[in-house]
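**Student:** With the hints as your guide, set chain B onto chain A.
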Amino acid sequence: MSLLEIVYFIIPLTISYAAPLIFTAIGGVFSERAGVVNIGLEGLMVMGAFTGILFNLFYADTFGSWTPWLALLVAMAVSAIFSIMHAVASITFRADQVVSGVAINMLGIAIALFSVKMIFDKGQTDFIQQSIPRFNVPVLHEIPFIGPMFFTGIYGSSILAIGLALLAWFIIYKTPFGLRLRSVGEHPMAADTMGINVTKIRYIAVIISGGLAGIGGAIYSQTMTNDFGHATINGQGFMALAAMIFGKWHPIGAMGAALFFGFAQALAISSSSISYLENVPAVYFHILPYALTILALAGFIGRANAPKASGQPYIKGNR
Amino acid sequence: MSNRFVNILVPIISIILGLLVGAAVMWFSGYNPVMGYIALWNGIFGDMYSIGETIRQISPYILAGLAVAFAFRSGLFNIGVEGQLIVGWFAAAYVGMAFELPKFIHLPLALIAAALAGALWGLIPGILKATLHVHEVIVTIMMNYIALHTVNALIKAVSEGGYKTERIHPTASLRSDFLSNLTDFSTLHYGIFVALAMVAVMWFILEKTKTGFELKSVGFNDHASQYAGMNVKKNIILSMVVSGAFAGLGGAMEALGTFGNMVTRGGFTGIGFDGIAVALLGANTPLGVIFGASLFGSLKYGAGNMPNEAGVPVEIVSIVIALIIFFVASGYIIRVLLSKMKKKKEAK
Chain A
1 MSLLEIVYFI IPLTISYAAP LIFTAIGGVF SERAGVVNIG LEGLMVMGAF
51 TGILFNLFYA DTFGSWTPWL ALLVAMAVSA IFSIMHAVAS ITFRADQVVS
101 GVAINMLGIA IALFSVKMIF DKGQTDFIQQ SIPRFNVPVL HEIPFIGPMF
151 FTGIYGSSIL AIGLALLAWF IIYKTPFGLR LRSVGEHPMA ADTMGINVTK
201 IRYIAVIISG GLAGIGGAIY SQTMTNDFGH ATINGQGFMA LAAMIFGKWH
251 PIGAMGAALF FGFAQALAIS SSSISYLENV PAVYFHILPY ALTILALAGF
301 IGRANAPKAS GQPYIKGNR
Chain B
1001 MSNRFVNILV PIISIILGLL VGAAVMWFSG YNPVMGYIAL WNGIFGDMYS
1051 IGETIRQISP YILAGLAVAF AFRSGLFNIG VEGQLIVGWF AAAYVGMAFE
1101 LPKFIHLPLA LIAAALAGAL WGLIPGILKA TLHVHEVIVT IMMNYIALHT
1151 VNALIKAVSE GGYKTERIHP TASLRSDFLS NLTDFSTLHY GIFVALAMVA
1201 VMWFILEKTK TGFELKSVGF NDHASQYAGM NVKKNIILSM VVSGAFAGLG
1251 GAMEALGTFG NMVTRGGFTG IGFDGIAVAL LGANTPLGVI FGASLFGSLK
1301 YGAGNMPNEA GVPVEIVSIV IALIIFFVAS GYIIRVLLSK MKKKKEAK
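In the order they appear, the protein sequences are chains A and B.
Going by my numbering, the first residue of the first sequence is number 1, and it counts up by one from there.
Going by my numbering, the first residue of the second sequence is number 1001, and it counts up by one from there.
Looking at chain A on its own, in the form it has when it is part of the complex:
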């Protein structure tokens, strides 16, 4: 392939891989900004991916081309409800948030696979007929060079993801709710003294993170795999967690990190057909996102500091 062909191939693939990561990572930003660690993103994504495929299979005849979009909404709702479990455990029951997240991950994949076997009597679902369509952005895709790179054959969900990042930035940094969210994650006692309901804000934040991770999972399953099995999500949730940290708990940063990780994944699967990279083993691209996250945390790529009260339950009256 020529260099230009490679670029035209890699960049759309990068954006398609990044979209689910953006949704899930920004979900993580909401939760952690409010002081609740959410390791359970993987499990929430699994639930979203499963629900999306299930809805799509059952209602494709009823809703036609609207099905994948409605499936995103249903997946959002189901994962949001599922995330309440994490909220109850880590906020009300004062459980260790990491342990509760691990339980959510195990439970998500177990419930999804249990249901798949119950409904389909085999290890994975059928393939969906109505996946999220690709389209060319009118007018823009005719621009030379940029057009084929960014505006040809893209998923509508990718545009949604970038819109979401901007929206999340606005909510977290420009609205009263965002200020409350951040203050609850930095210093819950001070926030409580100012009359902010810490518990309520944290519940809302965790439920938002569940909903967004659900959408992320449903986008992944309806664009990348088109069915659901045990290996459908396979670490995308943890990669989103990495993107959130690499993006320093900032929505735009998380989007940038997700795009970069999407790029690494796109390279990993296509490096063998690229003349300059065919001799580089794919394993380097596979481990790149994770290695970079460790380096970012270690402070080699600018210091990444978690919200101060992240991981601690807030107990009224304790100092």
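If you are wondering where the hints come from, they were derived from the structure by calculation, not from laboratory data.
Be careful, since some hints might not be right.
[What the hints assert, rightly or not] Cut-off 20 Å, straight-line C-alpha distance, at most; resulting in silico cross-link-like pairs (SDA-like, lysine to any residue):
hint: 1; chain 1: B; residue 1: K1156; chain 2: A; residue 2: P281
hint: 2; chain 1: A; residue 1: K122; chain 2: B; residue 2: P1307
hint: 3; chain 1: A; residue 1: K117; chain 2: B; residue 2: A1024
hint: 4; chain 1: A; residue 1: K308; chain 2: B; residue 2: G1075
hint: 5; chain 1: B; residue 1: K1156; chain 2: B; residue 2: G1267
hint: 6; chain 1: A; residue 1: K308; chain 2: B; residue 2: H1223
hint: 7; chain 1: A; residue 1: K122; chain 2: A; residue 2: K200
hint: 8; chain 1: B; residue 1: K1208; chain 2: B; residue 2: A1283
hint: 9; chain 1: A; residue 1: K117; chain 2: B; residue 2: P1307
hint: 10; chain 1: B; residue 1: K1156; chain 2: A; residue 2: Y284
hint: 11; chain 1: A; residue 1: K200; chain 2: A; residue 2: N318
hint: 12; chain 1: A; residue 1: K122; chain 2: B; residue 2: G1311
hint: 13; chain 1: B; residue 1: K1233; chain 2: B; residue 2: G1219
**Tutor:** Only chain B this time, still in chain A's reference frame:
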């Protein structure tokens, strides 16, 4: 109720709740929960073969549980047991296949290689935590994926493009004809004795040595330990290294005992994550880990019988295990309820 009694009661209540909710899930999904649990029971204790296989399954669970528990005692959460176990698995399989040595050198060498590989995988997050205060949870999660992809690439490299390593030489094997014959030709191997020996090692380190005292002290309060003149950094690194070594030995159980080789993996083994459940249920004590590993190892192995005998998908057991973790983690609320019940009784 004494504190100690409550500490034992919380995991027991959690197990019962987990099994009850699991039964409810089966009921609502149109399966017969009684049949399901009978099938589970038969899968665990049905005949000598099942018992042998169950004990075989328990060995790596003990080691994974010890790994999580050991780090936890120093205040560290090692989610990286999964990755440490995978590199240990590969190291043992490689040493087992690449060298030809007499048994009394080869087998210990393969075990040590596994422990060292796991220790190395624990060393990195340990150093980062001790020197740069990087949270070990995130680093170990990332190390899991690095382990998975690296080991897959290594298997490809040593098998010249294949997808699995050659079988280990019998001199490195943990297989035992005696144990196998005893249990109707199951794959039960000597690994269980290695695992139990490590339980004793952990107990000895924590309870009988100065190092163990320091490790626990750092876990309770690192500032106070620093003030008392202990080297907190050294203890944090040591804790992660020992934890990783336990996990690596868990991988050796699979390499030298159960499978005899390693195949490229699309995903994790799950043993490392179940180790968190084992340690949590066992309250991070060596004896508790044996108890937790016996429960979860049995459940995991016995579940294999559920689809055949009762038509219930095996995943029901994963649901039950996840629920048990969830309930143990939410122990605070169980304690509150217990103390309320106690007050009611007193009021009467």
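**Student:** Evaluate each hint against the coordinates.
**Tutor:** Right, here's what the structure says about each hint:
Taking the CA atoms of K1156/B and P281/A, the gap is near 11 Å; set against the 20 Å cutoff, the hint holds. Between K122/A and P1307/B the alpha-carbon distance is near 12 Å, which keeps this suggested pair within the 20 Å criterion. Straight-line distance between C-alpha atoms of K117/A and A1024/B comes to about 17 Å, which keeps the hinted pair within the 20 Å bound. A C-alpha spacing of about 18 Å is found between K308/A and G1075/B, which places the hinted pair at or below 20 Å, so the restraint holds.
At most 20 Å may separate the alpha-carbon atoms for a hinted pair to count; K1156/B and G1267/B meet this at roughly 16 Å. A distance of roughly 18 Å separates the Cα atoms of K308/A and H1223/B; the hinted pair therefore holds under the 20 Å criterion. For the suggested pair K122/A and K200/A, the alpha carbons sit about 41 Å apart, so the restraint of at most 20 Å is broken. Between K1208/B and A1283/B the alpha-carbon distance is near 19 Å, which keeps this suggested pair within the 20 Å criterion.
The straight-line distance between the Cα atoms of K117/A and P1307/B is roughly 10 Å, inside the 20 Å bound, and the hint therefore holds. For the suggested pair K1156/B and Y284/A, the alpha carbons sit about 14 Å apart, so the restraint of at most 20 Å is met. Simply put, K200/A and N318/A have alpha-carbon atoms about 18 Å apart, close enough for the 20 Å limit, and the pair holds. Of the supplied pair hints, the one linking K122/A and G1311/B holds, its CA atoms being roughly 12 Å apart against a limit of 20 Å.
A C-alpha spacing of about 12 Å is found between K1233/B and G1219/B, which places the hinted pair at or below 20 Å, so the restraint holds.
In summary, the one numbered hint that this structure violates is 7.
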